[in-house]
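Asker: Kindly generate the complete structure, drawing on both the sequences and the hints.
Here is how the chains run, residue by residue.
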Amino acid sequence: QSVLTQPPSPSGTPGQRVTISCSGSSSNIGSNTVNWYQQLPGTAPKLLIYSNNQRPSGVPDRFSGSKSGTSASLAISGLQSEDEADYYCAAWDDSLNGPVFGGGTKLTVL
Amino acid sequence: EVQLLESGGGLVQPGGSLRLSCAASGFTFASYAMSWVRLAPGRGLEWVSSISGGGGRTYYADAVKGRFTISRDPSSNTLYLQMNSLRGEDTALYYCARDQGTTVTTWFDPWGQGTLVTVSS
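As you go down the protein sequences, you meet chains P and W in turn. For the first sequence, our numbering assigns the number 3 to the initial residue and increments by one for each residue that follows. For the second sequence, our numbering assigns the number 1130 to the initial residue and increments by one for each residue that follows.
Think of the hints as simulated: they come from the structure by calculation, not from any bench. Note that CB positions come from ideal geometry on N, CA and C, so glycine has one too. Please note that the accuracy of each hint is not assured.
Said to hold, decoys possible - A partial selection of chain P residues facing chain W, derived with a Cβ cut-off under 8 Å:
#, residue
1, SER4
2, ALA46
3, PRO47
4, ASN99
5, GLY100
6, GLY105
Answerer: Okay, structure coming up:
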């Protein structure tokens, strides 16, 4: 049971816009920033979004993040087949005194 | 180029021990906190442990506290994870990852390719 809750398996068609949510509590998302990670099949995870809505160099602007209260969201616009991956949110948890991840969301591009 | 190369994984019986290593190159090792994150079969990413750049502060997930020990050797630019009293639920692909600075945060990037630990009799 992950501390941060993500939907299991959304899907979308090429060109669509998809949103992945991440729900937490006051001890994690409510008081700290959220990062998002993308794990393509058979590869190591990669930082996709940091500090709620910042993109590291090289990440396309199709990817965007937001946070409100104790929830965060990752939006992917102009969905492409190569976006098919597992997506994880992460935040520091003040009660646990460490990082916590969401359970992961497997995005399927139909 | 920043590189992280994990090693030390393998098959171990329940109750056994393993020491994972992560050889770092391409950056000033002491300037960055480092972490171990695992990916278990059918489960998502799980943070395991982190250590500050200077090594003075360590953090552990409740699931491994008291059984795992994280450490780092600045002379060899290597991160370690000593794993004792291993259980079946510790079976996973273990990644090492670099932080953004000397302080431990939720920034994990870049990552190594992972080393597989299997706990089974």
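Asker: Compare the structure with each hint and give your call.
Answerer: Right, here's what the structure says about each hint:
1. SER4: 7 Å, holds
2. ALA46: Since the shortest Cβ distance to chain W is 4 Å, the answer is holds.
3. PRO47: 6 Å, holds
4. ASN99: Where the cut-off is 8 Å and the nearest Cβ of chain W is about 6 Å from P/ASN99, the hint holds.
5. GLY100: 5 Å, holds
6. GLY105: 5 Å, holds
The structure is consistent with each of the numbered hints, conforming to all of them.
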